[in-house]
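Taken in sequence, the protein lines are chains R and U.
In terms of numbering that gives the first Met the number 0, the first sequence opens at residue 0 and continues consecutively.
In terms of numbering that gives the first Met the number 0, the second sequence opens at residue 0 and continues consecutively.
Any given hint could be a false lead.
A partial selection of chain R residues facing chain U, derived with a Cβ cut-off under 8 Å [what the hints assert, rightly or not]:
#1 P182
#2 W186
#3 V233
#4 I240
#5 W252
#6 W384
These are calculated hints, taken from the structure and not from any lab test.
Here a beta-carbon is modelled for each residue, glycine too, at the ideal position from N, C-alpha and C.
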Amino acid sequence: MAQVERFSYDNAIVRKFAYATIIFGVVGILVGLIAALQLVFPTLNLGIPYTTFGRIRPLHTNAAIFAFVGNGIFMGVYYSLQRLLKTRMFSKGLSEFHFWGWQAIILAAAITLPLGITSAKEYAELEWPIDLAIAAVWVAFGINMFGTILKRREQHLYVAIWFYIATWVTVTVLHIGNNLELPVHLWKSYPVFAGVQDALIQWWYGHNAVAFFLTTPYLGLMYYYLPKAANRPVYSYKLSIIHFWALIFIYIWAGPHHLLYTSLPDWAQSLGTVFSVMLIAPSWGGMLNGLLTLRGAWDRVRQDPILKFMVVAVTAYGMSTFEGPMLSIKSVNAISHYTDWTIGHVHIGTLGWNGFLTFGILYWLIPRLFNTKLHSLKLANAHFWIGTLGILFYAIPLYWAGWTQSLMWKQFTPDGFLQYGNFLETVTQIIPMYGLRALGGTLYVAGYFVMVYNLIKTIQAGSFIGDEAAEAPPASTWAAHHGKEHWHRWIERRPVQMLIAATIAILIGGMVEIFPMAMIDDQVPRIESVTPYTPLELEGRDIYIREGCLGCHSQMVRPFRSETERYGEYSKSGEFIYDRPFLWGSKRTGPDLHRVGGKYPHSWHYNHMYEPQSTSPGSIMPPYPWLLRDELNTSNTAAKIRALQTLGTPYPEGYDQIAVEDLQKQAKIVADNLRKDGIDDDKLEEKEIIAVIAYLQRLGTDIKPKPQAGN
Amino acid sequence: MFKHILESAGNINWMAISALITFAVIFMVSVVLVFKHNPAYIDRMASMPLDDSYPVNSENDNHEK
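The following block holds chain R by itself, in its conformation from the complex (with noise of 0.2 Å):
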C-alpha cells in the first residue's frame, strides 16, 4: 500500500483563468456604472448609437455574468477539481480551446451587442453564431470535466464535484432549448416559440441561468474553498448531500415567478410560485452549512479578510434566497415587479454573493499559485470595508426607489384618479436615488482596484508554479476496498450515474411546465382580430430589438386597476402569438408600451425620438437621433417573412415577393402623415424612424374598438 504515483497538477490554466476573472470584473462592473450613470444623465448616452443605455445594458450583464463569474467559475472549478480528484486536468489542449475559446466568445459579445446585433433574450442576447461557439465550448468543458473524474485517484466524489456536473448538464440543457431559433442571416434570426409559450421558455432559461450559472457551481466554490480557507471539514456533510439534491431538483420550476400578473396561465404561475416559496429550505440548508463551518473560528473571521469576503458572500447568498421567495409571492410580486426593487435583489446576489466570494477566492489562490503571501491583509480589508460599503450604496436607495415609485404608479386620488397620471412624475422623483446608487457602484469598483493592485504586487513578489507536484495512491488501489466489484467498473458508474440523476431532476420540473403549453394550442386562446405584423412593423419591431428598448419599456398590462387606468386594456395571451422573440420586458424605467398605438399623433414620436425631452421635460430616455437620419435596410425584408412562414405566421403564399412593396406603400402613409405635421425630410419615408413609428403605433391596437365618430 505505499505505493504511490507522483503528478502534477496544472496550474497555469488556473492562472489563465483567475486573469481573465480579474480583468473582466472590472470592464463589467464599469459597463454597469455606465449604464447606471446614464439614467442620471441622459447626456452620458453620448448621442451614438453604440453606447445608448439598451445597447449597453445587455453589454453589462453578459460581461458581469458570462466574463467575470464564468471565468471565476472556471478558475476555481479547475483548481479544486483537480486537488479533489487528486489528478491532472484530463487534456491540456482542451482546457487550452476552453479558455481561448471562452475569451473569443466575450470579445464577440463585446462587438456584437453595442452593434445592436441581439436575440432580445435576456442573458441570452447573443445570436446564433456565437451561441453555436458557445455550445462548443461549453462541451469541450464538459468532456474535459468528465474526463479528469473518470481518470481520477480519488474514488469518491466530493460534493463540490456535484454542483459542478449538475451545472454542466443544466447550462447545456438550458442553452440548447432557449436558443433554439431560426436564422434569416448571419446576425439575425427568430425564435421557435411565439408570445407566452417563448415568455415561458425565456425565464424557464433566465431563472435557471441565475440558478446554474450564478449559483450551484458557486455553492460547488463555497464547500471547496471555505474549508479551505476556514482549515475546518465542512460543517455538516449530510445536509450537503441534501442541499444538493433537493436544491437542483427545486430550482428548475421557478422560473415561472418572472411572469407572474402576465398572460401566463395561472396554474404554471402558481407552479412557479410554489415552488419558489419551496426553494427556501434547501438554500438556507446551504446558507446554514456554510457558516457552520466557520464555528468555532469566528475569531480568526475578524482577522482575515478572506474570511470576511466568503462571510458575507454567503450570508449575501442567504438573503436573496429569502428575498427571492418572498418577490415570488404574488402580492409582494404586484408591487416589485418592474421595478428597481428587482435591480436591487438581484445586486445583492452578483455583488454580495458572487463577487464576495470570488474575492475572497482570489486572494486565497493568488498567493498559493505564486508560493508567496498576499502582498497586504491590511489592503485587503480595506476592500473588504470600501466593497461593503459600496453593496449597501447599491441596493439600498435601489430599494427605497422601488417601493417609492411602485406606490406612486398605484397611488388614487380620493376622486378616482391616478394621483400621478404621468409617469415621468415618478422618474423624476426616484433619480436622486439613481445617484446614490451610481455612487455604490463607484465605491464597489474602487475598492475592486485596490484588489488589483494588491494581487499585482502580491504576483510580483511570487515566482509562479505552473505544475505543482502531487503524489496520490493509483486508483487500481480501490479494488482492495471493494473486492466483490472490479475497480473500474466502479469509477465509471458513479459519476456517470450522477450526471443521469441530476439529468432526471432537472428535466422533470422542465418538461411538466413546457410541454403542455407548447403542445396545447388551447393554452393560448385565439383572438381573430389579431394579425400578423405588416413588413414595415416587422421592420420596425426589429430596430426596437437592436436599440434594446426593451430594458427600459414592458409591453405587459398587468390586470390592475392603476395598470389598466394608465395604459388601457390589460394585455392578453391571445395577443402575442406571431411575436418573435416576446417583447414583455422585465423593467419600466420607461411606461409599458402595449397599448402605445393611436396614443399619440405620428409626429409625437418623431420628435420623442428625436429629442425625447423635446416632448417630455426631464425625461431620462435617451436620443435615437440617427433614427431619423439613416435608411431603413429592407434587403432582408422578404427573408425574415419567409422565416416567419416557415415558423407557421400566416402570411400569404408568396407574400415575401411583395412584402417590400406593401412595405414601402405603408411608409408613404405614414409619412404623408408627418408631412400633415409639418415634419419633412429628404426620402422622409425611407427613413428608420417610419418603422420605428409604424410599430409603435400598432401595439396593442389589435383588440382595441375602432375608434367611432362623436367618440
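With chain R held as given, fit chain U onto it using these hints.
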C-alpha cells in the same frame, strides 16, 4: 395521443400534485441514502478539501495573522 391525455386533464392540478409527490420521493430517497452512509465515510468526505498531499499548502493553510 399524449396531447390528448394532456388536454383531457382539464385543470392542471394533477401536475402540481405529481410535482409535489416527485419532490417528496426525491427528498426522502436522498435523506435515506444520506443516513445509510457510515460515519467514517461522512467524516472523510467532510474534510476532503483539506486533504492536500503537497507540502506547500499545508504550511500555508494556517493563515498569517
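So, going through the hints one by one against the coordinates:
1. P182: At about 29 Å, which exceeds the 8 Å cut-off, the nearest Cβ of chain U leaves the hint on P182 (chain R) violated.
2. W186: Cβ of W186 (chain R) sits 36 Å from chain U, so the hint is violated.
3. V233: holds, 5 Å
4. I240: holds, 5 Å
5. W252: holds, 7 Å
6. W384: Because about 19 Å separates W384 (chain R) from the closest Cβ in chain U, which is outside the 8 Å limit, the hint is violated.
Checked against the numbered hints above, the structure violates hints 1, 2, 6; every other hint is satisfied.
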